[in-house]
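So for the sequence shown, my numbering puts the first residue at 172; every next one is plus one.
Watch out, some of these pointers could steer you wrong.
[Claimed, not checked] Pair ranges (Cβ atoms, derived):
id, residue 1, residue 2, range
1, Ser218, Tyr187, 42 to 50 Å
2, Ser218, Asn482, 21 to 29 Å
3, Ile444, Phe319, 26 to 34 Å
4, Val363, Val312, 33 to 41 Å
5, Thr205, Arg288, 50 to 58 Å
If you are wondering where the hints come from, they were derived from the structure by calculation, not from laboratory data. Predicted, not measured: the structure shown is a model, and the values here were computed from it. We treat Cβ as the ideally placed atom computed from N, Cα and C, and that holds for glycine.
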Amino acid sequence: MKKLQIKKHALTAISYMLPLVVASGLLIAIGNLTNGQVIENYKAPYSVPDALVSLGVLGMGLLAPVIAGAIAYSIADRPGIAPGLLMGLIANSIGAGFLGGMLGGYLVGYFVLILVRYLKVPKWAQGLMPMMIVPLISSLVVGLLMYFVVGVPIVWATEAMTSFLQGMQGSMRFVFGAVLGAMAAFDFGGPVNKVASLFADGLLLEGVKEPEAVKILASMVPPFGVTLSWVVSKLIKKKKYTKSEEDNIKIAFPMGICMITEGVIPIAAVDPIRVIISCTLGAAVGGGLSMTWGIGSPVPSGGMFIVPAMNEPLLFCLALLIGTCVTAAMLLILKREPTKEEELIADQGLEEEEEIDLSGIKIS
(Lines of atoms letter the chains of each structure in order from A; the text may use other names.)
(Lines give C-alpha, C1' and ligand atoms only; values in the text may rest on other atoms or scores of the structure.)
Protein backbone atom coordinates (compact mmCIF):
# COMPACT_ATOMS: atom_id res chain seq x y z
CA MET A 172 0.00 0.00 0.00
CA LYS A 173 1.18 3.53 -0.75
CA LYS A 174 2.14 6.04 1.91
CA LEU A 175 -0.76 7.30 4.02
CA GLN A 176 -0.29 10.92 2.83
CA ILE A 177 -2.34 12.24 5.75
CA LYS A 178 -1.35 15.86 5.12
CA LYS A 179 -2.29 15.67 1.43
CA HIS A 180 -5.76 14.32 2.19
CA ALA A 181 -6.33 16.97 4.88
CA LEU A 182 -5.39 19.81 2.50
CA THR A 183 -7.70 18.36 -0.16
CA ALA A 184 -10.54 18.29 2.36
CA ILE A 185 -9.84 21.87 3.44
CA SER A 186 -10.02 23.05 -0.18
CA TYR A 187 -13.49 21.47 -0.45
CA MET A 188 -14.57 22.82 2.92
CA LEU A 189 -13.49 26.47 2.54
CA PRO A 190 -16.22 27.56 0.07
CA LEU A 191 -18.85 26.14 2.44
CA VAL A 192 -17.30 27.91 5.44
CA VAL A 193 -17.01 31.24 3.63
CA ALA A 194 -20.50 31.17 2.14
CA SER A 195 -22.11 30.09 5.41
CA GLY A 196 -20.14 32.61 7.44
CA LEU A 197 -21.08 35.51 5.18
CA LEU A 198 -24.74 34.48 5.27
CA ILE A 199 -24.61 34.55 9.08
CA ALA A 200 -22.85 37.94 9.00
CA ILE A 201 -25.37 39.51 6.62
CA GLY A 202 -28.26 38.09 8.64
CA ASN A 203 -26.80 39.28 11.96
CA LEU A 204 -26.16 42.79 10.63
CA THR A 205 -29.82 43.00 9.61
CA ASN A 206 -31.08 41.72 12.99
CA GLY A 207 -31.75 38.17 11.88
CA GLN A 208 -32.20 35.27 14.29
CA VAL A 209 -31.99 31.50 13.90
CA ILE A 210 -35.42 30.16 13.00
CA GLU A 211 -36.68 27.93 15.80
CA ASN A 212 -40.19 27.28 14.45
CA TYR A 213 -40.62 27.14 10.70
CA LYS A 214 -44.41 27.18 11.03
CA ALA A 215 -44.28 30.66 12.58
CA PRO A 216 -43.60 33.78 10.44
CA TYR A 217 -39.94 34.62 9.81
CA SER A 218 -38.04 37.33 7.91
CA VAL A 219 -35.41 37.29 5.16
CA PRO A 220 -32.60 38.07 7.67
CA ASP A 221 -33.81 35.14 9.80
CA ALA A 222 -33.64 32.91 6.73
CA LEU A 223 -30.07 34.07 5.98
CA VAL A 224 -28.83 33.38 9.52
CA SER A 225 -30.56 29.99 9.58
CA LEU A 226 -29.13 29.01 6.19
CA GLY A 227 -25.65 29.97 7.36
CA VAL A 228 -26.03 27.96 10.57
CA LEU A 229 -27.22 24.94 8.56
CA GLY A 230 -24.20 25.32 6.30
CA MET A 231 -21.82 25.43 9.27
CA GLY A 232 -23.47 22.27 10.54
CA LEU A 233 -22.28 20.53 7.37
CA LEU A 234 -18.64 21.17 8.20
CA ALA A 235 -17.94 17.78 9.83
CA PRO A 236 -19.76 15.72 7.14
CA VAL A 237 -18.08 17.64 4.32
CA ILE A 238 -14.57 17.34 5.73
CA ALA A 239 -15.09 13.64 6.52
CA GLY A 240 -16.54 12.97 3.08
CA ALA A 241 -13.77 14.94 1.35
CA ILE A 242 -11.00 13.12 3.24
CA ALA A 243 -12.56 9.74 2.45
CA TYR A 244 -12.94 10.79 -1.21
CA SER A 245 -9.31 11.91 -1.38
CA ILE A 246 -8.20 8.53 0.00
CA ALA A 247 -10.57 6.11 -1.73
CA ASP A 248 -12.15 8.11 -4.57
CA ARG A 249 -15.93 7.90 -5.13
CA PRO A 250 -16.57 4.75 -3.02
CA GLY A 251 -15.46 6.78 0.03
CA ILE A 252 -17.92 9.66 -0.35
CA ALA A 253 -21.11 8.14 1.12
CA PRO A 254 -19.51 6.41 4.14
CA GLY A 255 -17.38 9.50 4.72
CA LEU A 256 -20.44 11.73 4.90
CA LEU A 257 -22.05 9.30 7.33
CA MET A 258 -18.98 9.40 9.60
CA GLY A 259 -19.25 13.19 9.64
CA LEU A 260 -22.91 12.99 10.63
CA ILE A 261 -21.98 10.59 13.44
CA ALA A 262 -19.30 13.04 14.63
CA ASN A 263 -21.93 15.78 14.74
CA SER A 264 -24.49 13.63 16.56
CA ILE A 265 -22.13 12.46 19.34
CA GLY A 266 -20.54 15.90 19.78
CA ALA A 267 -17.11 14.99 18.38
CA GLY A 268 -17.10 18.05 16.08
CA PHE A 269 -14.67 18.57 13.23
CA LEU A 270 -11.94 16.50 14.93
CA GLY A 271 -14.25 13.52 14.98
CA GLY A 272 -15.19 14.21 11.37
CA MET A 273 -11.56 14.24 10.31
CA LEU A 274 -10.74 11.05 12.17
CA GLY A 275 -13.87 9.33 10.81
CA GLY A 276 -12.93 10.39 7.29
CA TYR A 277 -9.46 8.90 7.60
CA LEU A 278 -10.70 5.65 9.15
CA VAL A 279 -13.44 5.02 6.65
CA GLY A 280 -11.34 6.18 3.69
CA TYR A 281 -8.54 3.70 4.37
CA PHE A 282 -11.04 0.96 5.24
CA VAL A 283 -12.81 1.49 1.90
CA LEU A 284 -9.45 1.38 0.13
CA ILE A 285 -8.69 -1.97 1.77
CA LEU A 286 -12.11 -3.36 0.83
CA VAL A 287 -11.83 -2.27 -2.79
CA ARG A 288 -8.37 -3.79 -3.14
CA TYR A 289 -8.68 -7.02 -1.17
CA LEU A 290 -12.36 -8.00 -0.86
CA LYS A 291 -13.15 -10.77 -3.34
CA VAL A 292 -16.76 -11.45 -4.35
CA PRO A 293 -18.36 -13.72 -6.97
CA LYS A 294 -18.66 -12.35 -10.50
CA TRP A 295 -22.41 -11.84 -10.18
CA ALA A 296 -21.83 -9.55 -7.16
CA GLN A 297 -19.02 -7.44 -8.63
CA GLY A 298 -21.46 -4.89 -10.01
CA LEU A 299 -22.83 -4.39 -6.49
CA MET A 300 -19.42 -3.59 -4.98
CA PRO A 301 -19.30 0.20 -5.51
CA MET A 302 -23.01 0.85 -4.91
CA MET A 303 -23.94 -1.50 -2.08
CA ILE A 304 -21.31 -3.86 -0.68
CA VAL A 305 -18.43 -1.41 -0.05
CA PRO A 306 -20.56 1.48 1.30
CA LEU A 307 -22.60 -0.87 3.51
CA ILE A 308 -19.69 -2.79 5.03
CA SER A 309 -17.51 0.30 5.56
CA SER A 310 -20.36 2.33 7.05
CA LEU A 311 -21.33 -0.56 9.32
CA VAL A 312 -17.85 -1.34 10.63
CA VAL A 313 -16.41 2.17 10.96
CA GLY A 314 -19.77 3.60 12.05
CA LEU A 315 -19.96 1.25 15.00
CA LEU A 316 -16.33 2.07 15.84
CA MET A 317 -17.20 5.78 15.81
CA TYR A 318 -20.23 5.30 18.05
CA PHE A 319 -18.74 2.94 20.64
CA VAL A 320 -14.91 3.16 20.50
CA VAL A 321 -13.27 6.04 18.65
CA GLY A 322 -15.89 8.72 19.23
CA VAL A 323 -15.81 8.64 23.03
CA PRO A 324 -12.21 9.88 23.54
CA ILE A 325 -12.67 12.42 20.73
CA VAL A 326 -15.69 13.87 22.54
CA TRP A 327 -13.71 14.03 25.78
CA ALA A 328 -10.77 15.70 24.01
CA THR A 329 -13.05 18.23 22.28
CA GLU A 330 -14.82 19.12 25.51
CA ALA A 331 -11.51 19.38 27.41
CA MET A 332 -9.97 21.63 24.74
CA THR A 333 -13.05 23.86 24.65
CA SER A 334 -13.09 24.18 28.43
CA PHE A 335 -9.36 24.90 28.50
CA LEU A 336 -9.62 27.66 25.90
CA GLN A 337 -12.64 29.21 27.58
CA GLY A 338 -10.87 29.13 30.95
CA MET A 339 -7.56 30.63 29.82
CA GLN A 340 -6.56 33.89 31.51
CA GLY A 341 -3.90 36.57 31.11
CA SER A 342 -0.59 35.56 29.59
CA MET A 343 -1.86 32.14 28.51
CA ARG A 344 -4.47 33.80 26.31
CA PHE A 345 -1.83 36.06 24.77
CA VAL A 346 0.51 33.14 24.05
CA PHE A 347 -2.26 31.10 22.44
CA GLY A 348 -3.38 34.05 20.29
CA ALA A 349 0.20 34.82 19.31
CA VAL A 350 0.91 31.25 18.20
CA LEU A 351 -2.34 31.01 16.23
CA GLY A 352 -1.77 34.43 14.68
CA ALA A 353 1.79 33.56 13.68
CA MET A 354 0.61 30.33 12.05
CA ALA A 355 -2.14 32.14 10.13
CA ALA A 356 0.33 34.66 8.69
CA PHE A 357 3.46 32.53 8.30
CA ASP A 358 3.01 31.20 4.75
CA PHE A 359 0.43 33.64 3.33
CA GLY A 360 -2.47 31.25 2.77
CA GLY A 361 -0.37 28.08 2.52
CA PRO A 362 -0.63 24.80 4.44
CA VAL A 363 0.30 26.28 7.85
CA ASN A 364 -2.34 28.98 7.40
CA LYS A 365 -4.92 26.36 6.48
CA VAL A 366 -4.13 24.31 9.60
CA ALA A 367 -4.69 27.38 11.77
CA SER A 368 -7.85 28.20 9.83
CA LEU A 369 -9.24 24.68 10.24
CA PHE A 370 -8.49 24.74 13.97
CA ALA A 371 -10.26 28.09 14.42
CA ASP A 372 -13.26 27.00 12.32
CA GLY A 373 -13.63 23.84 14.36
CA LEU A 374 -13.58 25.76 17.63
CA LEU A 375 -16.25 28.11 16.29
CA LEU A 376 -18.57 25.12 15.98
CA GLU A 377 -17.94 24.45 19.67
CA GLY A 378 -18.93 28.03 20.55
CA VAL A 379 -15.37 29.39 20.98
CA LYS A 380 -15.29 32.53 18.83
CA GLU A 381 -12.02 34.20 19.82
CA PRO A 382 -9.71 32.09 17.56
CA GLU A 383 -11.76 33.15 14.52
CA ALA A 384 -11.05 36.81 15.27
CA VAL A 385 -7.34 35.99 15.61
CA LYS A 386 -7.37 34.16 12.27
CA ILE A 387 -9.11 37.04 10.50
CA LEU A 388 -6.77 39.63 12.01
CA ALA A 389 -3.62 37.65 11.25
CA SER A 390 -4.69 37.14 7.64
CA MET A 391 -4.98 40.91 7.14
CA VAL A 392 -1.83 42.03 8.99
CA PRO A 393 0.67 41.04 6.21
CA PRO A 394 -0.93 43.05 3.36
CA PHE A 395 -1.74 45.99 5.66
CA GLY A 396 1.73 45.96 7.23
CA VAL A 397 3.54 45.82 3.89
CA THR A 398 1.35 48.65 2.56
CA LEU A 399 1.98 50.83 5.63
CA SER A 400 5.74 50.26 5.39
CA TRP A 401 5.66 51.34 1.73
CA VAL A 402 3.66 54.49 2.55
CA VAL A 403 6.02 55.42 5.42
CA SER A 404 9.08 54.74 3.28
CA LYS A 405 7.70 57.21 0.75
CA LEU A 406 7.11 59.82 3.45
CA ILE A 407 10.61 59.52 4.92
CA LYS A 408 12.10 59.20 1.41
CA LYS A 409 13.82 55.92 2.15
CA LYS A 410 13.41 53.53 -0.75
CA LYS A 411 12.49 50.00 0.31
CA TYR A 412 10.67 48.56 -2.72
CA THR A 413 11.25 48.36 -6.45
CA LYS A 414 8.68 49.68 -8.91
CA SER A 415 7.46 46.12 -9.49
CA GLU A 416 7.01 45.53 -5.75
CA GLU A 417 5.14 48.82 -5.38
CA ASP A 418 2.70 47.77 -8.09
CA ASN A 419 2.18 44.45 -6.30
CA ILE A 420 1.53 46.27 -3.00
CA LYS A 421 -1.23 48.32 -4.68
CA ILE A 422 -2.92 45.01 -5.49
CA ALA A 423 -2.18 43.34 -2.14
CA PHE A 424 -3.87 46.05 -0.06
CA PRO A 425 -7.43 45.72 -1.46
CA MET A 426 -6.99 41.95 -1.35
CA GLY A 427 -6.09 42.30 2.34
CA ILE A 428 -9.32 44.17 3.02
CA CYS A 429 -11.11 41.04 1.81
CA MET A 430 -8.83 38.84 4.01
CA ILE A 431 -6.88 37.47 1.04
CA THR A 432 -3.29 37.14 2.26
CA GLU A 433 -1.90 35.72 -0.98
CA GLY A 434 -1.39 39.22 -2.42
CA VAL A 435 1.78 39.48 -0.31
CA ILE A 436 3.42 36.44 -1.94
CA PRO A 437 5.07 38.40 -4.83
CA ILE A 438 6.63 40.78 -2.27
CA ALA A 439 7.74 37.92 -0.01
CA ALA A 440 9.23 36.04 -2.96
CA VAL A 441 11.76 38.86 -3.49
CA ASP A 442 12.93 38.99 0.14
CA PRO A 443 11.35 35.98 1.90
CA ILE A 444 13.20 35.89 5.23
CA ARG A 445 12.71 39.54 6.19
CA VAL A 446 9.12 39.73 4.96
CA ILE A 447 8.08 36.46 6.64
CA ILE A 448 9.70 37.44 9.95
CA SER A 449 8.06 40.88 9.90
CA CYS A 450 4.59 39.63 8.95
CA THR A 451 4.67 36.71 11.38
CA LEU A 452 5.77 38.89 14.31
CA GLY A 453 3.11 41.54 13.59
CA ALA A 454 0.38 38.90 13.30
CA ALA A 455 1.57 37.26 16.54
CA VAL A 456 1.37 40.54 18.47
CA GLY A 457 -2.03 41.43 17.00
CA GLY A 458 -3.36 37.90 17.56
CA GLY A 459 -2.14 37.85 21.16
CA LEU A 460 -3.84 41.17 21.91
CA SER A 461 -7.05 40.06 20.19
CA MET A 462 -7.19 36.88 22.28
CA THR A 463 -6.30 38.73 25.50
CA TRP A 464 -9.05 41.31 24.93
CA GLY A 465 -11.64 38.59 24.32
CA ILE A 466 -12.50 39.64 20.78
CA GLY A 467 -14.74 37.06 19.14
CA SER A 468 -16.06 36.64 15.62
CA PRO A 469 -19.20 34.63 14.84
CA VAL A 470 -18.12 34.56 11.19
CA PRO A 471 -15.08 32.64 9.89
CA SER A 472 -14.22 34.85 6.93
CA GLY A 473 -14.95 38.14 5.19
CA GLY A 474 -12.20 40.54 6.27
CA MET A 475 -13.14 44.09 7.19
CA PHE A 476 -16.69 43.58 5.93
CA ILE A 477 -17.62 41.36 8.88
CA VAL A 478 -15.94 43.42 11.62
CA PRO A 479 -19.31 44.99 12.63
CA ALA A 480 -20.54 41.47 13.46
CA MET A 481 -17.79 40.98 16.08
CA ASN A 482 -18.43 41.49 19.79
CA GLU A 483 -15.69 44.15 20.08
CA PRO A 484 -15.23 45.75 16.63
CA LEU A 485 -13.29 48.78 17.90
CA LEU A 486 -10.86 46.67 19.91
CA PHE A 487 -10.42 44.40 16.89
CA CYS A 488 -9.48 47.41 14.76
CA LEU A 489 -7.02 48.53 17.46
CA ALA A 490 -5.37 45.09 17.63
CA LEU A 491 -5.23 45.01 13.83
CA LEU A 492 -3.63 48.48 13.78
CA ILE A 493 -1.00 47.48 16.36
CA GLY A 494 -0.13 44.28 14.49
CA THR A 495 0.05 46.24 11.23
CA CYS A 496 2.37 48.85 12.80
CA VAL A 497 4.66 46.14 14.20
CA THR A 498 4.96 44.52 10.76
CA ALA A 499 5.57 47.89 9.07
CA ALA A 500 8.20 48.89 11.64
CA MET A 501 10.01 45.56 11.27
CA LEU A 502 10.04 45.90 7.48
CA LEU A 503 11.39 49.45 7.68
CA ILE A 504 14.16 48.24 10.01
CA LEU A 505 15.03 44.92 8.36
CA LYS A 506 14.34 45.42 4.67
CA ARG A 507 17.34 46.72 2.79
CA GLU A 508 17.21 49.25 -0.02
CA PRO A 509 16.94 47.54 -3.43
CA THR A 510 20.11 47.61 -5.52
CA LYS A 511 20.26 49.28 -8.91
CA GLU A 512 20.58 45.83 -10.48
CA GLU A 513 17.36 44.64 -8.79
CA GLU A 514 15.53 47.78 -9.90
CA LEU A 515 16.77 47.30 -13.45
CA ILE A 516 15.62 43.67 -13.51
CA ALA A 517 12.21 44.69 -12.12
CA ASP A 518 11.85 47.50 -14.66
CA GLN A 519 12.80 45.17 -17.52
CA GLY A 520 10.18 42.72 -16.32
CA LEU A 521 7.53 45.45 -16.37
CA GLU A 522 8.57 46.56 -19.85
CA GLU A 523 8.31 42.99 -21.14
CA GLU A 524 4.83 42.67 -19.67
CA GLU A 525 3.76 45.94 -21.28
CA GLU A 526 5.12 44.81 -24.65
CA ILE A 527 3.21 41.56 -24.39
CA ASP A 528 0.02 43.38 -23.52
CA LEU A 529 0.45 45.85 -26.43
CA SER A 530 1.20 43.10 -28.91
CA GLY A 531 -1.88 41.28 -27.71
CA ILE A 532 -3.98 44.36 -28.38
CA LYS A 533 -2.54 44.75 -31.91
CA ILE A 534 -3.22 41.14 -32.77
CA SER A 535 -6.84 41.37 -31.66
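- request: Of all the hints given earlier, name the ones this structure violates by number, lowest first.
  value: 1, 3
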